[in-house]
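Enquirer: Single-letter residue listing:
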Amino acid sequence: MISEMLSYPFIVRALLAGLFVSVAASLLGVSLVLRRFSMIGDGLSHVGFGALGISALLSLQPMAVTIPVVIVSAFVLLHISGKSRSGGDSAIALISSSALALGVIAVSAAGVNTDLNAFLFGSILSVSRTDSLIAAAVSAATIFSYLVFYHQIYSTTFDPSFAKATGISTGRYTSLLALLTALVIVVGMRILGSLLISSLIIFPAAIAMKLMRRYATVSIAAAAEAVLAFIAGFVLSYAFSLPTGASIVAVHMVIYLTASAARSIIILARERRAP
Amino acid sequence: MTLIEGKDLTLGYEGQGIISSLSFSVGEGDYLCIVGENGSGKSTFVKTVLGLVEPLRGDIIYSGGLRRNAIGYLPQVSGIQRDFPSSVMEVTLSGCLGRHRRLFGYSSAEKQRALSILGSLGMGDRISASFQELSGGQQQRTLLARALMATEKLLFLDEPSAGLDPRTSSELYSILRDLNASGITIMMVTHDIHPALNDARTILHLSHGRYFFGPKEAYFASDMGKEFLKEAGHDK
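Each protein sequence line maps, in turn, to chains A and B.
Following our numbering, the numbering of the first sequence begins with 1 at its first residue and continues without gaps.
Following our numbering, the numbering of the second sequence begins with 1 at its first residue and continues without gaps.
Since the hints were made in silico from the structure, they are not lab data.
Among these hints, one or two may not hold up.
Claimed, not checked - Where chain A lies over chain B, by a calculated footprint (3+ residues, C-beta under 8 Å):
(1) 15-28
(2) 69-76
(3) 130-141
(4) 215-224
Positions of the beta carbon are idealized from the N, C-alpha and C atoms, including for glycine.
Okay, chain A solo, but in the shape it has when bound (with noise of 0.2 Å):
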């Protein structure tokens, strides 16, 4: 069956750009967690969808209006969340939604030929050539940064003033993280779907959080998480005609709720061991 679903090319681009996504995605995703900032992948998203809508509408190029308005989406709710704790969780709500709904309009305004479903809930048909190149070559750019960048990016994760006192620009690495979430975001919607694209950001860092107690292991097996329920899914929705995006997210949620029971016995197990 395997063999058979790899042999049509469309999969195949659509497996690999996802991989792609799904690796930047999990690991943007442990210092976004860690910031309590996981609602403003949420929240680009929503606006990623507004933006998709809005370009069908004027038959603009998707990519084109998208990446611009999400990247600067991204500074403002970055900005927004920075500011104050309560104001921002429903300034971010407010966008998401207002978003959602500009976009739903301007699909239907566009007509019948706009898929609605495929944009929400994203569809590995609607995958071209160029687009799984682009979503490639962004993931790779964003696994690249972070390597890179990963210990600057870890101290401005774990204690903000300090990085800054002994000389780290919190400030870039903050905007860097930004720009590679709204980055991944928009690449990655057209698979997974606006609605769900937030998960691969999410559902990795809170799992390998359940397991690991170390920043680097936690880094690493969010990425491993994410390759494997990404695969996992792909198969699931090939073998049984499922919805891909939908699939991904439901074996997530599953290897969630396992490493969340798995948790609970150990602790468990270690009260016991030390009354």
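Put chain B on the given structure of chain A with help from the hints.
Expert: Using the frame of chain A, we list chain B on its own:
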């Protein structure tokens, strides 16, 4: 030799002055305690000395081979994410990240230095332990090790004994005393009168609209010093 000097400073946020016409200096080998009520500008003072906030007026001059980025800062633990997955070694090494010129990773000399600092602080057997699973005192010693990775000359501690029990606090003070004796200059913001009374050489007391800066003996003879002693129940 003077390491840090501030002349006629006005400190505050967003144009709002909290402390004005403040002058102070910290010499090599000094032990300075910064005391004062909540809201008197201690945190602003810390941020300004570290260069996180610019003074509204006046300049802070770093000399004697000290650069602004080479201060060993030990922040309040409350500012650090306690549930952060990280090993003691990862935390400690990050102290020298701003100093080295490597593109990636840490040199073996830096790793050796981290190990020897952790060893001297009694953390040698905990290097791969997870920061979030340490006791408060061990967390504080890990952060101290990180601060020592960032500096050769000056430690700046922001309420290091907050949240520690008295015994752990006095262990920390004794480590600091030894570090000071070995030539490291210490600046410490504190609510605790003991280090001010026992270890400090110089006191900076910030209060709403006024301040005291001078040797410990002169401080405890002054009105502000007597008031502080009285509030801490040490007036007899």
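Enquirer: How does the segment 69-76 of chain B fare against chain A when you require at least three residues with a CB closer than 8 Å, holds or violated?
Expert: Since three or more residues must qualify, the claim that chain A covers the segment 69-76 of chain B holds, with 5 doing so at under 8 Å.
Enquirer: Apply the coverage criterion to the segment 130-141 of chain B and chain A: a residue qualifies when its Cβ sits closer than 8 Å to a Cβ of the chain, and three qualifying residues are needed.
Expert: holds (count 3)
Enquirer: Are at least 3 residues of the segment 15-28 of chain B within less than 8 Å of chain A when you compare beta carbons?
Expert: violated (count 0)
Enquirer: Report holds or violated for chain A covering the segment 215-224 of chain B, Cβ cut-off 8 Å, minimum 3 residues.
Expert: violated (count 0)
Going through the hint list in order, the structure does not satisfy hints 1 and 4.
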